[in-house]
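J.: So the protein sequences, as listed, match chains U and X.
For the first sequence, the numbering used here assigns the number 1 to the initial residue and increments by one for each residue that follows.
For the second sequence, the numbering used here assigns the number 1 to the initial residue and increments by one for each residue that follows.
Simulated from the structure, these hints should not be mistaken for lab results.
Do not take every clue at face value.
The calculated lysine-lysine pairs, modelled on DSS-like cross-linking and capped at a C-alpha distance of 30 Å, are [to be verified]:
hint, chain 1, residue 1, chain 2, residue 2
1, U, 87, X, 223
2, X, 90, U, 2
3, U, 3, X, 212
4, U, 103, X, 150
5, X, 150, U, 87
6, X, 208, X, 223
7, U, 87, X, 131
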Amino acid sequence: MKKMIWLEWKKNRIGRYVRNALIMAALLALFLYAMAFFGIANDPETGIPDAAPGMLSISASTEFLTNSAYFVFTGVMLASFVVNAYKNGIMALMFTYPVSRKKILCSQMAAVWIFNFAALAITKILVYTCLFWGGKIHTASAFPLDFHMESISFYGSVFFTSAVVTTIGFLSLFAGLFTKSSKAAVIASFLLVFLTQGSLGDKSLAGNTTFLLILAALSVTLAVGNVAAAEKQEIL
Amino acid sequence: MAYLLETCGLGKDIGRQNIIEDVSLHVKKGEIYGFLGPNGAGKTTILKLVTGLWNPTRGEIFLFGKQMKNDFRHALKRMGIVLEYPAFYKFLSGRENLELHREYMGYYRHGSVEEALKLVCMEEMADRPVKNYSLGMRERLGIARAVLCKPELLILDEPLNGLDPSGIHLIRELLRRLCQEYGTTVLMSSHILPEVETVADTVGILCKGKLKEEVSMKELSQKSVSFIEALTADRRKAAFVLEEKLNIQKFRIMEDGSIRVYDQGIQVESLVKQLASEDVGILSLGRKTETLEEYFMKLVGEDLQ
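The task is simple: from the sequences and hints, build the whole structure.
T.: Below, the structure written as structure tokens:
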């Protein structure tokens, strides 16, 4: 399985995604640093941050931006690794190899999941590290720096959120596979951003762990169903 | 006789549509089997069933003497497959695509990639990204990939599509070589009948999802009608001489102006002499047999109309 995942990365030129993830991490870090210490989000008249309710701390903004970015990044990667493979005949080629179809699909999904989980966790840690050191350099911050990098639970939370967000990002794959369209997968990833930041009645879904876990469970269920159906699948 | 590939009463329905019906193929070890049929006859469907990409609605497939559903992965390891237009990772080079194929097939013989590239004369272009390849080059690379692991059974769907005459010659020679040197069995579908005629040992003729006939080229030449074909300066005069002077009734003037004499009793030498004595200018004259194309049209012509 390790070799199959490596082959998926190799044939999809993972170097491009590493470069893009690095650029995205740098831009996110720069933007959040500027929000915190250069006051780019401040109202010019009052001088206080012009933020939506619930986004008044730097960790809320960091979580929102990094998670949103990776919903889309995961969607784009899935569209390229899996949905396009069905469209351009690569999957038909893969299914003529003497390898279990379940293993092929699992390796494709695992290649995307592992990369995005690691990239999201690293991005979050990079952004928080920049903000942490920014807090040491600058005397004041526009947003309260409400995170504790010294605590182990901070890292636990980063890894847990990264895993949940990456798993939810896979919902876009099933939208793409159902409609046989890579564009649909990418659009679905944008819809996921709105869905996870939306509200149900007067209850906000942003940061609602139960809701996120339900979405993640749905994603896992669909993935298992998809893999289980692979052996009988007819393609081309 | 033991066959390398055998199908028994194979059928495939999609919805209510009957795509193929009761197809029983028999492909012998080491032969080139040409699978012929007009567009939409079901050739690719059968190849998809044989390669496991589709599941049959009815019937059985036996590969290497074993029922396909029981030992499919092992059978795939012994097969090389090119279906429709070969798919590649277009940003990778031809060589990288072959190396990936080798990894998935679990075939690590040193120098096999170079060997496969050489077989299809692609060594020079091997390091260029596939996105820059022409259709013909992709077809050749597809065949290189299919033969890379020295398969026992090579399945090619319209392998001559997009190839120029030199490419067609190259593939024809390659198929012969694979059969002679490595004992590879080839199942190829094609609608380029003259090409199939030159390489195939057996042909299966498919029309409207049904196998019309399965016949070896040897049997076909015995079954085919033999005739004398004459190209004359004046076909009307020639026809008059044949009918009135030589009393030959079984002849036909073809669309291209040639005359075909089907009377088996008459000899070429005597016909030349008699036409010449009646002052009919002969441009060419010789004994011929029906081509595969003519046989094919005779067999499926009515269905097509």
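J.: In ascending order, which of the hints set out earlier in this document are inconsistent with the structure?
T.: When the structure is compared with the hints, numbers 1, 3 turn out to be violated.
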